[in-house]
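Peer 1: Spelled out, the chains give:
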Amino acid sequence: MFVPEPLEPGRYGAAAGEPVRIGRVACTLVQVMARRDNAAALAEALQTVFSLTLPPPGRAASAGALRALWMQPQGWLIQAPADADAGLLEGLARACVGMASVVDQSDGRAVFSLAGGQARGVLARLCRLDLHPRVFAVGQVAATPLGGLAALLHQTGAGPEYQLIVAASYARAFGRMLATAAAPLGYEVV
Amino acid sequence: MTQRFRTAKGGRIDRNAPVEFRYDGRRYQGYRGDTLASALLANGVRLLGRSFKLHRPRGVFTAGVEEPNALAELRIGARREPNTRMTGIELHEGLVAASQNRFPSLRFDLMSLVGLAAPLLSAGFYYKTFMWPASFWEKVYEPRIRAAAGLGRAAREPDPDFYEALHAHCDVLVVGGGAAGLAAAHPPRAARQRGMLCEQDFQLGGGLLAEPAQDAWREAMLAALEAMPEVVLLPRTTVFGYYDGNVLGAVERVADHLAVPPPHTPRQRRWTIHAGQVVLATGAHERLIAFPGNDRPGVMLAGAVHSYVQRFGVRPGERMALFANNDEAYRALFAAQDAGIAVAGVVDPRPDSAGLAAARARGLAVWAGSEVCGTLGAASLRGLRLRRCGGAGTDKRLTCDLLLLSGGYSPAVHLASQSGTKLAWDVRLAAHVPSEPVQNQVSVGAAAGVFGIAAAAGSGAQGAAMDHPAADDLDPTVAPIWEVRGGGKAFVDLQDDVTARDIRLANREGFGHIEHAKRYTTHMMGTDQGKTGGLVGAAVLAQARGVAVEAVGLPSFRPFTTPVTWGALAGAHVGHEFAPVRLPPLHDWHQRHAAEFVEAGHWLRPSYYPGASDGDVWDSVLREARAVRRDVGICDVSTLGKIDVQGADAAAFLDLIYANTISTLKLGRARYGLMLREDGFAFDDGTVSRLAPEHFLLSTTTANAAAVLAHLEFHAQTACSGLDVTIASVTDQWAAMSVAGPKARAALTPLISGLDLSNEAFPFMAVGDAILQDGSRGGCQVRVFRISFSGELAYEIATPAGQAEAVWKAILRAGAGAGIIPYGTEALGLLRIEKGHVAGPELNGQTTAGDLGLARLCKKRGDYIGRVLRQRPALVDPARPSLVGLRPLSRNDVLRPGAHLVAGSGSESLGWVSSATRGVSVEGAVGLGFLRGGVVPDVVSFAGEKLYAAYPLLEERVALEVVSPHFIDPENSRVRA
Amino acid sequence: MIIIPCPHCGPRDEAEFSYRGDATVTRPSDDAGFFAYVYTRANPRGWHQEWWQHTGGCRAVLKVLRHTLTHEVRAAVPSDAALPTP
Amino acid sequence: MHYSGLKLLTQALTGNTGWKPAWRDAVPKAHYDVVIVGGGGHGLATAYYLAKEHNITNVAVLERGRIGLGNTGRNTTIIRSNYLLPENHNFYEWSLKLWEGLEQDLNYNTMVSQRGVLNLFHSDAGQHAAARRGNAMRLSGIDAQLLDRQQIRQICPLLDLENARFPIQGGLFQPRGGTARHDAVAWGFARAADRRGVDIIQDCEVLGFEIDAGRVTGVQTSRGRIGAGRVGLAVAGNTSRLAAMAGFAVPIESHVLQAFVSEAIKPLVNTVVTFGAGHFYLSQSDKGGLVFGGDLDGWNSYAQRGSLPLVEHVFAAGAAMMPSLSRLRALRSWGGVMDMTLDGSPIIGLTPIEGMMMTGGWCYGGFKATPGSGWCHAWTIAKGEPHPRNAAFTLDRFKTGHLLDERGAGPYAWAQ
Ligand SMILES: Cc1cc2nc3c(=O)[nH]c(=O)nc-3n(C[C@H](O)[C@H](O)[C@H](O)COP(=O)(O)OP(=O)(O)OC[C@H]3O[C@@H](n4cnc5c(N)ncnc54)[C@H](O)[C@@H]3O)c2cc1C
Ligand SMILES: NC(=O)c1ccc[n+]([C@@H]2O[C@H](COP(=O)([O-])OP(=O)(O)OC[C@H]3O[C@@H](n4cnc5c(N)ncnc54)[C@H](O)[C@@H]3O)[C@@H](O)[C@H]2O)c1
Ligand SMILES: Cc1cc2nc3c(=O)[nH]c(=O)nc-3n(C[C@H](O)[C@H](O)[C@H](O)COP(=O)(O)O)c2cc1C
Ligand SMILES: [Zn+2]
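Those protein sequences? They're chains A, B, C and D, same order as listed. Counting in this note's numbering, the final residue of the first sequence is number 228, and the numbers go up one at a time with none missing. Counting in this note's numbering, the final residue of the second sequence is number 979, and the numbers go up one at a time with none missing. Counting in this note's numbering, the final residue of the third sequence is number 248, and the numbers go up one at a time with none missing. Counting in this note's numbering, the final residue of the fourth sequence is number 754, and the numbers go up one at a time with none missing.
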């Protein structure tokens with residue numbers, strides 16, 4: 039019988055070894071979808087206005103605090119710190135007018151962080167992909183289900199460190215899944 | 003508690019680590035490294051099971067996964083596991099096991115009296131009998147058969163342990179940790195490659211474990227492998243299935259060798275392995291020979307004895323004989339003799355052989371060209387009957403309590419065959435071997451028919467350099483004898499009591515095809531799937547049919563190579579985790595306010611808010627609904643699907659998606675929209691709002707949100723791939739709350755700035771952005787839709803999910819004066835039924851726009867999905883049941899969804915009740931339903947007869963009147979007020 | 163496991179996709195074609211062109227060439243691209 | 339030879355050496371009045387009822403392999419008539435009535451076991467749908483009961499009623515539903531048909547049809563040409579292929595459905611249980627194995643082999659429904675090729691080819707239909723027109739829109 043694992047700050051699960059660290063990341067998220075035949079123009083616009091390069095499929099790119107994650111054909115998720123000036127959305131909308139559809143997803147997605155030597159072990163319990171360093175490295179992004187929920191997986195650090203982006207309404211359920219997957223290895227909620 | 007049958011020394015058990023355990027209530031002692039079977043043998047316990055059908059006494063027959071006889075109920079209570087192979091149970095302190103399928107005890111099993119009727123119980127006898135009298139089958143015969151059948155008893159409480167599922171990726175997956183497997187995983191091959199080696203046993207080595215002479219090599223190999231960072235060694239891990247795309251399933255028994263799993267440790271772990279290349283080093287299974295009495299406890303496969311003696315330091319008997327048709331088996335005999343078991347003699351059907359010569363050289367009594375034609379003893383072997391091959395009667399009796407039996411070896415081709423590889427017949431082995439692989443896969447070692455440690459290791463290495471194990475000249479050549487005929491039962495399937503005679507009977511009755519014979523006799527259908535006798539049965543069948551064994555073949559190989567624990571296949575997502583819970587942003591508020599919740603797909607929605615003075619559900623629901631009709635209420639509708647559609651061609655696209663026209667929608671306005679499926683039936687409904695000339699926001703029903711999104715994307719990318727349109731789900735981004743009731747405007751106006759809510763400035767179906775003053779600096783950005791589901795003056799307030807609670811609370815505060823209260827899905831349903839709005843129960847995939855009274859919405863001009871096929875005759879037939887309002891003639895009758903509409907005392911269904919509730923604006927019950935021909939204004943009668951809602955499941959019939967579905971405000975003035 | 167090489171995401175297993183059926187039928191321009199579009203299926207025992215949407219990933223609708231007996235996937239291309247002939 | 343208690347005894351005493359083949363392995367004649375293509379339950383039942391009900395005995399059943407090894411030999415053996423639509427429940431009820439007398443009729447024990455079929459629901463919406471179905475059945479005189487949690491606990495104590503993710507609210511129960519011994523059904527019909535003179539011809543694959551001026555005159559087979567007055571198709575997952583040979587199209591897709599059996603255990607579950615919250619259904623065979631399955635894998639396939647994700651779903655649903663199953667072991671898994679129509683209901687009747695009739699499109703529900711389908715198919719072949727019982731199951735209903743979409747799933751085979 040399964041006993042759900044807690045997700046309040048603290049150290050849980052198997053006691054031995056270095057725990058993985060699980061956290062929530064507050065940020066601004068904007069979905070940008072190029073309009074028909076406008077991908078190039080859009081890329082150029084974002085380059086000039088935010089000096090942000092739109093990455094190819096499966097990749098992330100960043101400019102200062104701004105980040106772009108490839109999300110779908112001709113579609114990206116722009117990520118900025120939560121305290122990013124509220125104007126980001128308007129700024130993007132202005133920059134992209136006519137070239138892209140800009141949709142605020144800041145409250146529509148929940149972003150989790152997962153870090154530590156055993157992070158891959160945790161993901162092996164949730165993710166169907168091969169995350170071996172030779173196959174999936176820092177800066178790579180995958181749109182793939184995690185624990186059956188559509189998600190964006192982004193390796194942000196070599197530690198390894200990941201950000202896991204899921205639908206906000208599933209945040210609590212996904213947190214439980216993360217905790218359950220991490221418990222046999224030991225985890226710390228930060 | 004002496005272990006009388008332990009060898010003086012040797013074996014891979016830890017003689018310094020005694021282990022206490024219980025079997026059938028008695029306490030015994032074994033050593034760490036034992037299996038339950040080896041430990042009981044060490045204690046001289048040989049009767050370990052009863053057969054499936056005839057309840058014959060059975061003992062250990064093998065030392066591995068192929069065991070047909072020695073099955074036990076392992077552990078007790080909620081952890082009880084029936085049918086557990088004692089040859090695979092790792093001995094652990096406090097282990098408790100019990101025999102099964104016997105009454106009252108293993109030794110005195112009353113059910114063995116069935117044996118007296120054995121001649122009646124020939125193959126397929128069930129099908130010929132139990133038919134008289136007709137009524138007896140279910141009442142008398144079947145319950146008895148069911149009680150006698152089955153093996154062990156399942157646990158009845160929930161499993162206290164948990165399981166997990168992992169995905170793994172590797173370049174090379176090696177299945178099997180014997181000589182061939184170890185060589186296949188060997189460093190040079192695996193370097194810079196990710197390797198995985200799965201071995202079902204708890205010790206790596208396979209056949210090597212019975213070969214002390216090879217220990218040096220084995221240890222060197224293991225040390226080298228363990229030193230490789232990129233090689234994962236998984237003992238206790240069975241690969242159970244080979245699937246498409248070189249994906250294999252495996253289950254790791256993480257904690258089965260412990261009394262209970264330690265904290266945070268799963269009992270078992272399922273692996274889904276994506277492999278570049280697969281090396282099958284699964285070894286071989288030794289075969290039995292069918293001869294009368296070959297099931298008597300004490301008859302054991304030679305290889306098993308080999309491994310009990312060499313690996314477990316156990317003497318399975320005191321005086322033994324050998325009956326084998328190959329030389330490999332002699333090594334077991336000699337090893338056992340060296341371990342101190344006396345030799346009664348050697349019986350070999352071959353006139354001469356290297357094995358016979360070696361036996362003579364040891365001065366053993368040998369009977370060449372002879373066969374064993376019977377066994378002596380009761381629940382334990384006392385002796386054998388011998389005769390010259392093909393002779394009759396008995397030439398000689400041998401006294402012994404152990405028979406080493408070997409009919410040759412069948413490579414374990416299960417996984418190869420599952421992968422699509424065809425099997426070929428190997429004359430030398432008289433067995434099937436894999437032929438050309440179809441997936442990226444190779445079989446090596448005994449699994450490929452390459453026997454002998456050295457040879458197997460060589461084939462596993464596949465040409466790679468490595469230091470080879472000591473040469474062993476081993477000849478698996480078999481002189482195939484499959485059966486020794488004679489009086490008494492000669493078993494080909496020990497577990498299911500299938501005899502050679504049963505196979506012949508099946509053939510006689512026309513079940514000569516191997517798949518028919520299998521199903522008719524249950525040959526190979528037990529928990530061991532016929533690993534030791536399967537081919538023997540096929541050979542007996544071949545003989546009966548007068549064809550070669552290879553012409554008969556074997557039944558198809560399927561997962562699971564050996565039975566797999568249910569929980570491991572299920573993984574972690576069971577119980578409460580079976581499906582993830584989806585929560586709207588206001589969930590915590592609802593919970594704090596003691597809402598009762600209802601499941602809507604994965605969502606949890608508040609269905610009502612029990613009040614202190616409410617007696618029952620209805621008190622709450624009616625109170626909430628009345629508040630909306632009289633004053634104002636607020637309802638969380640965040641779970642509705644919301645889809646953002648933008649693009650130069652967005653309007654044109656939506657004109658195709660919706661049956662009604664969208665392109666004419668004005669900026670800042672919303673419109674009801676109906677979607678059809680291409681087959682012309684209604685699919686989903688909702689509102690479409692135009693936020694900008696090229697920007698629309700769609701709402702969908704909660705249930706269909708995902709399907710509608712996929713429907714839009716599919717058409718945008720296929721039929722409409724030329725259009726400029728983007729689609730994004732914003733369901734989670736926006737919270738939405740409906741503020742409904744005559745006082746809705748009054749409640750909201752003080753809060754809203756930047757938008758004039760007056761009827762003139764913001765009429766029905768208007769949409770606009772505004773700021774809602776929640777007290778915080780700057781307030782909250784909201785989007786206001788003047789739409790209504792309840793039929794009252796209503797505003798839907800949408801706001802980014804993060805602000806949901808602030809906005810919700812602000813509205814409750816501001817509306818307090820007006821008497822605002824929250825209402826749940828129950829009241830929402832009540833209100834929409836009174837208003838005659840259709841929802842899930844009406845949009846059930848079987849109704850057309852016409853049925854729903856929405857035909858007028860469908861465009862006259864222009865294409866849309868469903869346009870053509872909705873015009874099929876049966877879909878436009880005026881006699882189709884269509885939407886009506888229903889009221890019981892007697893106001894205090896109840897109306898139940900699921901009731902059927904019938905005329906008078908008739909039983910012909912003229913339609914059904916889809917939704918029903920108690921009214922607040924209307925006295926008594928109100929319902930929506932579908933009635934043949936639809937509403938004839940104010941009909942109380944149908945074809946001259948009264949109409950009834952019939953609910954025979956509750957023996958109920960309620961007289962009805964049929965009315966317009968719009969119970970309240972048919973001219974729709976309230977929403978425009 | 164059916165492994166579909168998503169042209170955008172790379173090889174992914176079937177659990178990431180939703181099946182959408184026969185891709186040889188396309189929405190017709192003439193009314194007469196709709197019955198066949200919705201109801202007539204070649205249902206071949208062999209190579210089959212079919213729609214799969216990468217709903218667990220990039221949400222692209224793909225045209226996939228798959229064998230209905232061996233389950234081998236020969237190719238997967240964007241919805242508006244053409245599949246190779248088997 | 340007739341099976342009787344006496345025969346069993348005398349045979350037992352003479353070493354069971356006197357049993358005769360259950361059916362002759364016939365060699366094809368040049369011509370038959372009726373050729374049935376497909377030696378599964380439906381084809382064999384058709385032949386049997388042709389002989390029994392219509393005295394048409396110059397009949398051949400052509401089976402490409404060995405009889406009964408198709409879906410008949412690999413299904414989870416549930417028989418029931420708990421359908422919503424009258425066309426469906428009246429047909430399946432007729433079939434169930436035939437099941438009830440089948441042993442005596444065939445002189446073969448097909449082990450029909452009316453242990454009841456329980457469909458669980460978990461929400462008000464589920465209850466309303468179940469009630470609509472149950473009431474429809476009752477109005478047509480078919481047994482159905484609405485059970486509450488207490489009654490369900492009595493019938494099936496192992497169900498997780500409280501702690502489940504989707505707690506069980508109640509169930510729709512058909513006491514007369516149950517199971518039958520799948521293989522015996524094929525064998526019993528074969529034997530009974532054979533005894534009435536039908537030729538059962540195995541290893542005989544139909545490769546094409548001879549059609550002359552729109553009328554079928556014969557079939558080409560791997561064992562040569564066989565003339566036929568009339569032809570009946572009963573080839574399940576291969577219906578599209580046979581129809582294509584004859585030159586007409588059917589609204590059918592072939593999909594793989596998996597099934598599973600556990601190790602044999604002492605009696606544990608005494609009814610057939612269907613889980614509403616996740617596709618899962620389970621019963622226990624007389625041998626003791628739990629026989630269970632779930633949803634289609636969801637893509638076209640002619641392979642009798644499914645995939646791993648579906649396996650995971652089925653076992654998770656099972657463990658969610660009955661947590662104690664978790665410690666049992668799965669013994670074997672397999673698949674079958676389903677003839678899925680695009681409205682989820684079967685086709686029994688005429689085809690565009692004169693003299694050619696068909697029964698097909700059985701989806702995952704055709705085992706229970708075996709006697710009824712054979713009976714109606716035989717009638718249609720004998721009379722040249724459908725019986726009222728199968729009048730609705732026409733091929734052209736898709737054109738006219740008289741669809742029989744029980745679940746409102748629409749024209750998507752994988753969703754049916
Ligand atoms: C896993 C599974 C579970 C199921 N569970 C149930 C259940 O619980 N209850 C239920 O009612 N139904 C169930 N079904 C459905 C049921 O099994 C089938 O609908 C029914 O058995 C079909 O019988 P049939 O005789 O039409 O088909 P089959 O038994 O498949 O017979 C068709 C025969 O036609 C032969 N054939 C094909 N092509 C040719 C040719 N060219 N020439 C000659 N012969 C040919 C085939 O070899 C086959 O033997 C299930 C099916 C499966 C696969
Ligand atoms: N005496 C016997 O019965 C017997 C049988 C087979 C092999 N041998 C000897 O073993 C040597 C051959 O070595 P080999 O490596 O080819 O065979 P092996 O028997 O030594 O090794 C095969 C290994 O594969 C494991 N295995 C099989 N199926 C598996 C599965 N599905 N999942 C996980 N593990 C699985 C087995 O537990 C075994 O340890 C030769 O000496 C041969 O004579 C003896
Ligand atoms: C109702 C039913 C019960 C079954 N019981 C068993 C069983 O007890 N043991 C077994 O090995 N297989 C059992 N099977 C599975 C068959 O062995 C076989 O796998 C299945 O009929 C499909 O045939 P195939 O595997 O040859 O393709 C059962 C199948 C069905 C339909
Ligand atoms: Zn993709």
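Hints may contain errors.
Said to hold, decoys possible - DSSO-like mimics (lysine-lysine), calculated; alpha carbons at most 30 angstroms apart, straight line:
#1 D:Lys367 - D:Lys435
#2 D:Lys737 - D:Lys367
#3 B:Lys491 - D:Lys390
#4 D:Lys390 - D:Lys367
#5 D:Lys721 - D:Lys737
#6 D:Lys737 - B:Lys861
#7 B:Lys491 - B:Lys668
#8 D:Lys721 - D:Lys390
#9 D:Lys345 - B:Lys141
#10 D:Lys345 - D:Lys358
#11 B:Lys491 - B:Lys398
#12 B:Lys141 - B:Lys55
#13 D:Lys367 - D:Lys604
#14 D:Lys390 - D:Lys435
#15 B:Lys55 - D:Lys721
#16 B:Lys668 - B:Lys398
#17 B:Lys55 - D:Lys358
#18 B:Lys491 - D:Lys358
#19 B:Lys668 - B:Lys55
#20 B:Lys491 - D:Lys345
#21 D:Lys604 - D:Lys737
#22 D:Lys390 - D:Lys358
#23 D:Lys737 - B:Lys862
#24 B:Lys141 - D:Lys721
#25 B:Lys55 - D:Lys604
Bear in mind the hints are in silico, worked out from the structure with no lab data behind them.
Peer 1: Evaluate each hint against the coordinates.
Peer 2: Against the structure, the hints come out as follows:
1. Distance check on the hinted pair: lysine 367 of chain D and lysine 435 of chain D sit about 35 angstroms apart at the alpha-carbon level, beyond 30 angstroms; violated.
2. The suggested pairing of lysine 737 of chain D with lysine 367 of chain D is violated, with an alpha-carbon distance near 39 angstroms, which exceeds 30 angstroms.
3. Taking the CA atoms of lysine 491 of chain B and lysine 390 of chain D, the gap is near 41 angstroms; set against the 30 angstroms cutoff, the hint is violated.
4. Straight-line distance between C-alpha atoms of lysine 390 of chain D and lysine 367 of chain D comes to about 21 angstroms, which keeps the hinted pair within the 30 angstroms bound.
5. Restraint check: the Cα-Cα separation between lysine 721 of chain D and lysine 737 of chain D comes to about 24 angstroms, which is no more than 30 angstroms; the hinted pair holds.
6. At roughly 22 angstroms between alpha-carbon atoms, lysine 737 of chain D and lysine 861 of chain B fall within 30 angstroms of each other, so this suggested pair holds.
7. Taking the CA atoms of lysine 491 of chain B and lysine 668 of chain B, the gap is about 88 angstroms. The hint is violated against a cut of 30 angstroms.
8. A hinted pair counts as satisfied when its Cα atoms are at most 30 angstroms apart, and lysine 721 of chain D with lysine 390 of chain D qualifies at roughly 14 angstroms.
9. With a C-alpha separation of about 24 angstroms, the suggested pair lysine 345 of chain D and lysine 141 of chain B falls inside the 30 angstroms cut-off, and the hint holds.
10. Restraint check: the Cα-Cα separation between lysine 345 of chain D and lysine 358 of chain D comes to about 12 angstroms, which is no more than 30 angstroms; the hinted pair holds.
11. Pair hint lysine 491 of chain B plus lysine 398 of chain B holds up; C-alpha atoms about 19 angstroms apart against a cutoff of 30 angstroms.
12. Using a Cα cut-off of 30 angstroms, the hinted pair lysine 141 of chain B and lysine 55 of chain B holds, with the two alpha carbons roughly 21 angstroms apart.
13. This hinted pair does not check out: lysine 367 of chain D and lysine 604 of chain D have alpha carbons roughly 49 angstroms apart, beyond 30 angstroms.
14. For the hint linking lysine 390 of chain D to lysine 435 of chain D, the alpha-carbon distance of about 17 angstroms falls within 30 angstroms, and the restraint holds.
15. Taken as a hint, the lysine 55 of chain B and lysine 721 of chain D pair is broken in the structure, with Cα atoms around 48 angstroms apart against an allowance of 30 angstroms.
16. With a C-alpha separation of about 105 angstroms, the suggested pair lysine 668 of chain B and lysine 398 of chain B falls outside the 30 angstroms cut-off, and the hint is violated.
17. Restraint check for lysine 55 of chain B and lysine 358 of chain D: the C-alpha separation of about 24 angstroms stays at or below 30 angstroms, so the hint holds.
18. The hinted pair formed by lysine 491 of chain B and lysine 358 of chain D meets the criterion: a straight-line CA distance of about 22 angstroms does not exceed 30 angstroms.
19. Taking the CA atoms of lysine 668 of chain B and lysine 55 of chain B, the gap is about 78 angstroms. The hint is violated against a cut of 30 angstroms.
20. As the CA atoms of lysine 491 of chain B and lysine 345 of chain D are separated by approximately 22 angstroms, the hinted pair is consistent with the 30 angstroms bound.
21. Straight-line distance between C-alpha atoms of lysine 604 of chain D and lysine 737 of chain D comes to about 51 angstroms, which puts the hinted pair past the 30 angstroms bound.
22. Taking the CA atoms of lysine 390 of chain D and lysine 358 of chain D, the gap is near 22 angstroms; set against the 30 angstroms cutoff, the hint holds.
23. Using a Cα cut-off of 30 angstroms, the hinted pair lysine 737 of chain D and lysine 862 of chain B holds, with the two alpha carbons roughly 22 angstroms apart.
24. For the proposed pair lysine 141 of chain B and lysine 721 of chain D, the alpha carbon gap of about 40 angstroms is over 30 angstroms, so the pair is violated.
25. At roughly 13 angstroms between alpha-carbon atoms, lysine 55 of chain B and lysine 604 of chain D fall within 30 angstroms of each other, so this suggested pair holds.
Checked against the numbered hints listed earlier, the structure breaks hints 1, 2, 3, 7, 13, 15, 16, 19, 21 and 24; every other hint is satisfied.
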